[in-house]
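K.L.:
Model the full structure from these sequences, guided by the hints.
First to last, the sequence lines map onto chains V and H.
Going by the working numbering, the first sequence opens with residue 300, and the numbers climb by one from there.
Going by the working numbering, the second sequence opens with residue 3, and the numbers climb by one from there.
Quick caveat, the hints were computed from the structure, so don't treat them as lab data.
The model shown is predicted, which means the values in this text are computed figures rather than measured ones.
Wrong hints could be hidden among the right ones.
Once the Cα atoms are required to be at most 30 Å apart in a straight line, the calculated DSS-like pairs of lysine-lysine come out as [what the hints assert, rightly or not]:
(1) Lys435/H with Lys519/H
(2) Lys519/H with Lys540/H
(3) Lys577/H with Lys372/V
(4) Lys378/V with Lys519/H
(5) Lys372/V with Lys547/H
(6) Lys577/H with Lys547/H
(7) Lys442/V with Lys479/V
(8) Lys411/V with Lys614/V
(9) Lys577/H with Lys435/H
Pulled a few chain V residues facing chain H out of the computed Cβ check, cut under 10 Å [to be verified]:
(10) Val311
(11) Ser313
(12) Phe316
(13) Thr325
(14) Lys378
(15) Val402
(16) Asn589
(17) Gly679
(18) Asp734
(19) Asp735
Computed footprint of chain V on chain H; a stretch qualifies when at least three of its residues, placed anywhere within it, have a C-beta under 8 Å from a C-beta of chain V [what the hints assert, rightly or not]:
(20) 116 to 128
(21) 332 to 338
For every residue, glycine included, the Cβ atom is placed at its ideal position computed from N, Cα and C.
The chain contents come next:
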Amino acid sequence: MSLAVVLILLVVGSVIFHFLSPWWFTPIASNWGMMDTTVDITFWVTGIVFVAVNLFMAYAIIRFRHRQGQRAKYEPENKKLEWWLTVITTIGVVAMLTPGLFVWADFVAVPKDAAIVEVVGRQWNWSFRYPGDDGVLGASSAKLTTPDNPFGIDPQDAAGQDDVVVSDQELRLPLDRPVKLLLRSTDVLHNFTVPQFRVKMDLVPGMVTYVWLTPTKTGTFEILCEELCGLAHFAMRGKVIVDEPDAYATWLAQQRSFAGTQSLAAADPVAGQVSYATCAACHGAQGEGNVLLNAPALAGQPGWYIDRQLANFRKGLRGAAPGDTFGPQMVGFASILDAAATRNLIAYLQTLPDPRPEQSVSGDASAGARLYDTCAGCHGVDGQGIWTSNGPRLANLGDWYLERQLKYFKQGVRGKHPQDFHGAQMALLMGTLRDDRAIADVVAYINTLGSGPAMAAAGTAAR
Amino acid sequence: MAYVAIADRDTHLHDPQTFVTKYIWSQDHKVIAIQYSLIAIGVGLVALVLSGMMRLQLGFPDTFSFITPNNYLQFITMHGMIMVIYLLTALFLGGFGNYLIPLMVGARDMVFPYMNMLSVWVYLLAVLVLLASYFVPGGPTGAGWTLYPPQAILPGTAGASWGIILMLVSLAIFIVAFTMGGLNYVCTVLQARCRGMTLMRMPLSIWGIFMATILGLLAFPALLVSAIMMILDSLIGTSFFMPAIVSMGEQLAYEGGSPILFQHLFWFFGHPEVYIVALPAFGIVSDLLSVHARKNIFGYRMMVWAILAIGGLSFVVWAHHMYVSGMNPYFGFFFATTTLIIAVPTAIKVYNWVLTLWHGDIHLRVPMLFAIGFIFTFIHGGLTGLFLGNVTVDLPLSDTYFVVGHFHMVMGVSPILVVFGAIYHWFPKITGKMYNETLGKWHFWLTFLGTYSIYLPMHYLGILGVPRRYFALGETEFIPDSAHIANESITISALIVAVVQILFIINMVWSTWRGQKADPNPWGATTLEWQTPDTPPKHGNWGPKLPEVYRWAYDFSVPGAARDFIPQNEPLDPKIAPGRDHGVHA
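P.N.:
What follows is the structure, encoded as structure tokens:
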């Protein structure tokens with residue numbers, strides 16, 4: 300008897316929970332409202348069956364529970380009833396399936412006038428490519444992927460020259476225009492999901508997949524990876540910004556084309572050496588860093604990382620947050636370097652010998668080794684840095700500097716700027732370093748790195 | 003004829019004489035069943051602990067320093083694979099299949115007892131190889147239980163060198179073990195039934211196990227070849243599943259392989275696998291409901307055909323796991339249609355279970371509580387399957403907690419409730435002792451209500467868009483704080499449910515030692531296993547003479563009969579109207 304009562308309570312409770320649940324679809328921001336409708340239809344059909352069958356069962360338990368002298372009825376089958384139930388079930392199934400298939404037919408047929416944008420996923424970040432004026436994306440291949448050509452665009456293909464390449468994790472789309480997103484991965488499976496768009500699709504290395512949609516709301520939405528892609532899967536986030544068409548066009552015109560990224564003048568290390576004179580005051584004559592002046596080592600750091608950090612200082616992504624005591628000093632210096640000067644500077648830094656800074660942090664390196672397991676995903680097993688995951692080199696950077704920056708990430712001094720994607724990713728991963736002790740331990744372990752085989756290989760490859 | 007090995011005998015059988023041949027290298031299907039079950043439950047407890055660990059991380063992120071992202075992914079991977087393969091598949095087929103098939107069809111043993119013995123020991127080897135991955139560099143694989151390449155064998159995923167290889171080798175060994183057991187189950191059902199036991203007189207438990215075994219024999223080879231191919235990709239650099247890849251900033255030597263090929267192979271196995279677990283549960287629960295409602299199962303023939311239809315259809319629905327995989331989207335039309343068609347025979351089974359209760363004489367003993375609990379959870383899990391099977395509806399929900407909620411209701415909680423119900427139901431026959439009813443009821447209520455409070459909210463987190471397989475949610479705009487509270491409450495429920503299983507273990511251990519002596523047929527059941535001359539049944543099951551069957555397995559409450567059940571081996575009585583034509587005259 301109590302079983303029947305509990306079943307009734309569970310049915311009633313589930314229905315109440317359903318209607319009162321604070322968790323429901325995010326407000327839709329694409330043309331796929333029909334998907335929500337098919338979900339609603341399915342909820343109604345299945346909800347009715349859930350309530351009806353369970354209540355009938357509860358009633359049967361109450362009515363036919365064992366009593367003294369009671370005997371069950373002998374009723375092997377009832378063909379008519381069974382056929383009726385089959386027919387009704389079939390009708391319910393058809394009622395759910397039919398609208399679903401019609402909406403799917405829409406999903407399969409991409410509108411002819413859809414704009415094309417390519418989404419590239421790699422462990423654990425997003426980048427985007429727009430076809431330029433010719434409306435055609437140039438050929439690309441994972442085989443051509445290098446730090447200077449991260450999209451692997453075929454330099455021989457004329458169609459690729461005007462492709463607009465964006466690597467700052469922000470996808471921009473114009474409002475009310477159908478867009479076909481071509482999805483590509485250069486390493487493992489990923490999945491492009493924006494909850495507000497409803498549609499999602501995997502990125503599969505070796506092939507190009509797609510989704511199409513029409514954004515119907517301006518605003519900023521989060522991109523999530525929803526296909527397990529390794530240890531930082533949960534931190535593979537990006538943003539999509541839906542703009543009015545004019546604002547979108549203005550933004551697009553400001554972006555660099557593939558040809559633009561490839562045709563820069565050759566860097567001049569001699570000119571770089573001249574600029575470096577300013578930096579040397581703090582960072583040392585050989586870029587070895589100076590703990591007394593709070594200046595980290597620069598020598599040995601990959602060029603793409605120096606470039607990005609200087610840009611971050613210029614744009615206010617770094618060195619502007621309250622609590623960042625020493626970062627603001629860099630902002631002025633960074634802003635005097637233009638693109639060419641930065642390239643020259645980097646070329647010069649790469650001629651400097653690898654530093655071997657003194658060690659000042661004491662922690663338990665063996666405990667740190669376990670924690671570093673997570674860091675290795677982006678920064679490499681030897682702390683050598685990995686360009687595809689945007690993880691800078693950690694080895695030989697100076698342990699006092701690492702400790703301070705890790706604390707900044709932990710305290711929210713770094714990684715809070717809305718456009719600082721990599722900082723935010725680092726801040727999210729800081730969840731694995733619970734306290735100052737863990738930070739000291741992992742830094743102590745990083746102190747032991749810097750001479751492994753991956754480090755040696757990276758010395759030539761990553762620059 | 004196969005009757006030779008199982009025929010009536012005047013002379014003594016080759017009874018095992020020593021402790022070792024009786025309990026270790028035993029060829030008795032009942033001992034092998036218990037060996038299978040104990041190993042499966044043991045490794046299942048490991049998987050239960052792993053789920054507790056992952057729930058700790060999800061409920062209270064940033065609290066437990068011993069859980070890193072890699073650890074978390076290792077937990078989910080090992081939890082999933084152990085529960086699906088090493089617990090449920092092994093327990094239903096190796097455990098219940100072994101115990102019930104010979105007893106229920108009236109055979110002395112499996113037709114290949116030696117191979118049956120090998121099966122359980124090879125299964126143990128598979129479990130040991132799997133658990134060994136905790137002791138190799140890098141630990142077990144963290145690729146998710148679906149083991150998708152390329153990431154399963156690339157750096158950036160835990161256990162990408164040692165762990166994944168041990169996992170794949172363990173699966174291959176398991177498949178060998180399963181094949182040896184499975185051939186036995188099929189052959190025994192087809193060849194060793196006693197006189198009068200026609201196929202359409204078999205209890206539904208046997209039908210479910212029989213069909214599930216056939217599915218396994220056809221589906222596991224797909225997993226075997228994909229495991230072999232992935233091992234080759236990893237160890238000698240073939241490119242079955244590996245296209246050109248830039249991993250960790252470096253070009254790899256792979257070229258031309260297809261990650262989606264693996265997914266097709268995996269799910270060609272993986273979907274029938276759902277029914278390998280579900281069909282035995284369907285069969286067993288039918289028998290529990292019938293016995294404890296004192297009423298024939300409603301629509302027996304339809305139930306048998308539904309099992310066959312579901313089994314057949316389960317081979318043409320696999321790609322509904324891949325709607326967002328990037329496969330040709332036109333597949334969506336086909337697989338959505340086949341998937342929703344499967345809902346019809348499945349719904350019929352549910353109706354017939356409920357209609358079995360109608361006009362019954364329902365005894366709410368512990369096995370019956372679990373059986374009815376199963377109907378509730380299965381309805382819930384089955385209905386949410388209609389969301390995910392319908393390609394358009396799946397898109398927003400795919401890879402979210404809705405999926406996690408769905409498959410745990412339908413093939414986690416539901417089959418486990420049947421496992422518990424079945425263990426309580428057959429416990430008196432297996433041990434000759436009665437279990438403790440009060441402990442059993444507490445076990446049921448806490449497990450049933452606890453699991454629902456775990457999985458119901460998960461569906462709604464999924465609708466909100468919370469992705470699965472996330473180590474931490476971080477700050478995500480569309481996820482409100484209330485979702486974190488839900489995660490905490492789910493974790494608390496999960497820990498309670500996990501701890502409650504101690505009640506079950508105490509009950510089983512205590513009752514086996516100290517329980518009251520059980521009646522040979524305490525529930526008044528009709529099937530042959532309750533009619534053995536000894537309880538627990540001795541080696542050879544039936545004494546000198548094999549039973550003979552005269553009627554179907556569901557002659558409960560037959561009008562005119564003195565008792566409310568007539569065992570299958572009781573000859574027809576001309577004074578009692580035979581139960582329509584349900585196999586009675588076959």
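K.L.:
So, for every hint listed, does it hold in this structure?
P.N.:
Now for the hints, and whether the structure bears them out:
1. Pair hint Lys435/H plus Lys519/H holds up; C-alpha atoms about 5 Å apart against a cutoff of 30 Å.
2. About 17 Å separates the Cα atoms of Lys519/H and Lys540/H, which keeps this hinted pair within 30 Å; it holds.
3. Distance restraint check for Lys577/H and Lys372/V: the Cα-Cα separation of roughly 19 Å lies within the 30 Å cut-off, and the hinted pair is therefore satisfied.
4. The straight-line distance between the Cα atoms of Lys378/V and Lys519/H is roughly 43 Å, outside the 30 Å bound, and the hint therefore fails.
5. At roughly 34 Å between alpha-carbon atoms, Lys372/V and Lys547/H are farther apart than 30 Å, so this suggested pair is violated.
6. The straight-line distance between the Cα atoms of Lys577/H and Lys547/H is roughly 27 Å, inside the 30 Å bound, and the hint therefore holds.
7. The suggested pairing of Lys442/V with Lys479/V holds, with an alpha-carbon distance near 25 Å, which does not exceed 30 Å.
8. The straight-line distance between the Cα atoms of Lys411/V and Lys614/V is roughly 39 Å, outside the 30 Å bound, and the hint therefore fails.
9. At most 30 Å may separate the alpha-carbon atoms for a hinted pair to count; Lys577/H and Lys435/H exceed this at roughly 36 Å.
10. At a threshold of 10 Å, the smallest CB-CB gap from Val311/V to chain H is about 13 Å, leaving the interface hint violated.
11. Given hint, Ser313/V at the interface with chain H, holds; its Cβ is 6 Å from that chain's nearest Cβ, closer than 10 Å.
12. Taken as an interface hint, Phe316/V checks out: its beta carbon lies about 7 Å from the nearest beta carbon of chain H, inside 10 Å.
13. The interface hint given for Thr325/V is met, as the beta carbon of that residue sits about 5 Å from the closest beta carbon of chain H, less than 10 Å.
14. For Lys378/V, the shortest C-beta to C-beta distance to chain H is roughly 9 Å, which falls under 10 Å, so the interface hint holds.
15. For the restraint placing Val402/V at the interface with chain H, the shortest Cβ-Cβ distance is roughly 4 Å, inside the 10 Å limit, so the hint holds.
16. Taken as an interface hint, Asn589/V does not check out: its beta carbon lies about 30 Å from the nearest beta carbon of chain H, beyond 10 Å.
17. Annotation: Gly679/V was flagged as interfacial toward chain H, and the flag holds, the nearest CB pair being 7 Å apart, inside 10 Å.
18. Checking Asp734/V against chain H: minimum C-beta separation of about 8 Å stays under 10 Å; hint holds.
19. Because the closest C-beta pair between Asp735/V and chain H is about 13 Å apart, greater than 10 Å, the hint is violated.
20. Coverage of the segment 116 to 128 of chain H by chain V is violated. Counting CB-CB distances below 8 Å, 0 residues qualify, and the rule asks for three or more.
21. Closer than 8 Å: that is the beta-carbon criterion, and the segment 332 to 338 of chain H has 4 residues meeting it against chain V, so the requirement of 3 holds.
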